[in-house]
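S.K.: Given next are the chains, with one letter for each unit.
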Amino acid sequence: MQGTGEKSFEALALPHLPALYRIARRLTRDEHESEDLVQETFLKAYRAFGSFEERSFGIRPWLIKILNNTFFNRQARERRSPRPTDQSTLDETQAVDAAMPPELDLEDLDQEVKAAIDDLAPEFRAVLLLWATMELSYKEIADILEVPIGTVMSRLHRARHQLTRRLDGHVRAGRLARTPGTK
Amino acid sequence: MSELTPERLEAYADGELAPTERAEVEAALRGDPRAAATVAWWRGLRAACKRSLDAEPVPTAFATQLQRSLSAQRVILRRRILRLGVPGLAAAALFLVISLWPRPAEGTPVDPRGFAAIHDQCAVHSRHDTLGVRSMPPGTCVSKLKCKMPFACCVPNLATCGKYHVDGGCTCSPASGMKVVHVYFRADEAPDVVISAFSIDRPIKFAARPKGESVTACGGRQVKAGEDELGNISMVVWKRAEGSYVLAARLPEAQLRQLADRATLARAERLLHERGVERDLAVAQP
Numbered sequence: 172m173q174g175t176g177e178k179s180f181e182a183l184a185l186p187h188l189p190a191l192y193r194i195a196r197r198l199t200r201d202e203h204e205s206e207d208l209v210q211e212t213f214l215k216a217y218r219a220f221g222s223f224e225e226r227s228f229g230i231r232p233w234l235i236k237i238l239n240n241t242f243f244n245r246q247a248r249e250r251r252s253p254r255p256t257d258q259s260t261l262d263e264t265q266a267v268d269a270a271m272p273p274e275l276d277l278e279d280l281d282q283e284v285k286a287a288i289d290d291l292a293p294e295f296r297a298v299l300l301l302w303a304t305m306e307l308s309y310k311e312i313a314d315i316l317e318v319p320i321g322t323v324m325s326r327l328h329r330a331r332h333q334l335t336r337r338l339d340g341h342v343r344a345g346r347l348a349r350t351p352g353t354k
Numbered sequence: 037m038s039e040l041t042p043e044r045l046e047a048y049a050d051g052e053l054a055p056t057e058r059a060e061v062e063a064a065l066r067g068d069p070r071a072a073a074t075v076a077w078w079r080g081l082r083a084a085c086k087r088s089l090d091a092e093p094v095p096t097a098f099a100t101q102l103q104r105s106l107s108a109q110r111v112i113l114r115r116r117i118l119r120l121g122v123p124g125l126a127a128a129a130l131f132l133v134i135s136l137w138p139r140p141a142e143g144t145p146v147d148p149r150g151f152a153a154i155h156d157q158c159a160v161h162s163r164h165d166t167l168g169v170r171s172m173p174p175g176t177c178v179s180k181l182k183c184k185m186p187f188a189c190c191v192p193n194l195a196t197c198g199k200y201h202v203d204g205g206c207t208c209s210p211a212s213g214m215k216v217v218h219v220y221f222r223a224d225e226a227p228d229v230v231i232s233a234f235s236i237d238r239p240i241k242f243a244a245r246p247k248g249e250s251v252t253a254c255g256g257r258q259v260k261a262g263e264d265e266l267g268n269i270s271m272v273v274w275k276r277a278e279g280s281y282v283l284a285a286r287l288p289e290a291q292l293r294q295l296a297d298r299a300t301l302a303r304a305e306r307l308l309h310e311r312g313v314e315r316d317l318a319v320a321q322p
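If you read the sequences in order, they're chains A and B. Under my numbering, think of the first position of the first sequence as 172, with each following residue one higher. Under my numbering, think of the first position of the second sequence as 37, with each following residue one higher.
Derived from the structure by calculation, the hints contain no laboratory data. It is possible that part of the hints are untrue.
[Stated by the list, open to error] Distance condition first, Cα-Cα at most 20 Å in a straight line; then the derived SDA-like pairs of lysine to any residue:
(1) A:236 / A:336
(2) A:215 / B:115
(3) A:285 / B:79
(4) A:285 / B:92
(5) A:310 / B:52
(6) A:215 / B:116
(7) A:285 / A:322
(8) A:215 / B:112
(9) A:310 / A:290
(10) A:310 / A:322
(11) A:310 / B:103
(12) B:86 / A:290
(13) B:199 / B:51
(14) B:199 / B:116
(15) B:199 / A:313
(16) A:215 / B:103
Remember, it's a predicted structure, so these values are computed and weren't measured experimentally.
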């Protein structure tokens, strides 16, 4: 989108603020940090707008890529503790696979779903957020995160199974209502 | 019967399977209620995630603060530009004027209706593929055509502009003696959207032929001057060092111009012609 002015950037990018905020909110799991992340994303995008080439899919994938890169760069800089290892996550996944599909009604579970998403490792959370909120394809997610499609599929597989296990765990703990006709 | 692995069910639930594989899975699901329930669960989970996350509003104060930050950034960048100095700006402005001053179009005059007729006949209705390039990656297309064609043809790679695939090609030409390679693309998710890309062996410009003359279309079919073959087909033409490109499609003109501007040449030719490509886009109006 060479040669477009400042107004064009705001007109193109600001409509995507809600979507970016939602992703940032779940990535950072903190309201203030998410605002900071989104602000840094928009400022970086604004400065780089001269080199941006809009294609048929618009500016949103580009903004999401900047947001994800900024988030993970921050994480690396701040040297946070690593999430649980892949092996433990894999064990959880295997346990869920045997029980598919769970007998669970997903209506009215917004808070539980958010909490389950927050429990995911950042790499899995990023993939799941793009898959769920943006409804992107595997290829689009791979392009944004700059990972192979196989990695996207693997992370998504683990993320959704871990999510399922978390939600099913709530049912077993008796904290949620069961669907009619279940045990 | 198709094997219903967990990975396959997930890909099916996400709409990621090719049509053939999707049909196989659907047939297998009809006899496997548990697998069908698993698919329903994955779809429900995705919807539940979206629903719960979409409910998160952007704090109003933050949205206002962001606008202010962008405005402040704009001021900062403007100050940096001013520091370049007036002489620098004047030189830059002069260069810009010289670059953008319209130049008279050069090239052989060609009636655009000939391209439109080829687009309709070969790409839309008959799906001719005399070049044997259907489903070929554009880069492979160019390699194959370079060996066969008597001129340095090149195929604009529309796959870089969105989800398009090569659907066929032919060598029908709108003017006698003019060598043309016609490769047409179809949108992956909208099969009715067909875009023809022509590579021509010489610089051309659009010009309607006088009445009484005719233009040649596919299979020797003649289109008489005065007949409205353009219909709602938009076209753009642009020149390169040794030839021209034309894009034709039933798309809004602005969209076609954007595609023409973004379509990259297949790698082999891009390095050769990058400096020779003139971006004076001429548009044939329907």
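S.K.: Could you run down the list of hints and mark each one as holding or not?
M.R.: Cross-check of the supplied hints:
In summary, the hint linking residue 236 of chain A to residue 336 of chain A is not supported, as the alpha carbons are separated by about 29 Å, beyond the 20 Å threshold. For the hint pairing residue 215 of chain A with residue 115 of chain B, the CA-to-CA distance comes to about 18 Å; that is within 20 Å, so the pair holds. This hinted pair checks out: residue 285 of chain A and residue 79 of chain B have alpha carbons roughly 17 Å apart, not beyond 20 Å. Taking the CA atoms of residue 285 of chain A and residue 92 of chain B, the gap is near 10 Å; set against the 20 Å cutoff, the hint holds.
A distance of roughly 9 Å separates the Cα atoms of residue 310 of chain A and residue 52 of chain B; the hinted pair therefore holds under the 20 Å criterion. Restraint check for residue 215 of chain A and residue 116 of chain B: satisfied, since their Cα atoms lie roughly 16 Å apart, inside the 20 Å limit. For the proposed pair residue 285 of chain A and residue 322 of chain A, the alpha carbon gap of about 23 Å is over 20 Å, so the pair is violated. Between the alpha carbons of residue 215 of chain A and residue 112 of chain B the distance comes to roughly 13 Å, so the proposed pair stays at or under 20 Å and holds.
Using a Cα cut-off of 20 Å, the hinted pair residue 310 of chain A and residue 290 of chain A is violated, with the two alpha carbons roughly 25 Å apart. Between residue 310 of chain A and residue 322 of chain A, the direct Cα distance comes to roughly 11 Å. Compliance with the 20 Å bound is thereby established for this hinted pair. A hinted pair counts as satisfied when its Cα atoms are at most 20 Å apart, and residue 310 of chain A with residue 103 of chain B does not qualify at roughly 32 Å. A hinted pair counts as satisfied when its Cα atoms are at most 20 Å apart, and residue 86 of chain B with residue 290 of chain A qualifies at roughly 17 Å.
Only pairs whose Cα atoms come within 20 Å are accepted, and residue 199 of chain B paired with residue 51 of chain B is accepted, the gap being roughly 15 Å. A threshold of 20 Å between alpha carbons decides the hint, and for residue 199 of chain B with residue 116 of chain B the separation of about 39 Å lies outside it, so the pair is violated. Distance hint between residue 199 of chain B and residue 313 of chain A is fulfilled; the C-alpha atoms sit about 15 Å from each other, no more than 20 Å. Taking the CA atoms of residue 215 of chain A and residue 103 of chain B, the gap is about 14 Å. The hint holds against a cut of 20 Å.
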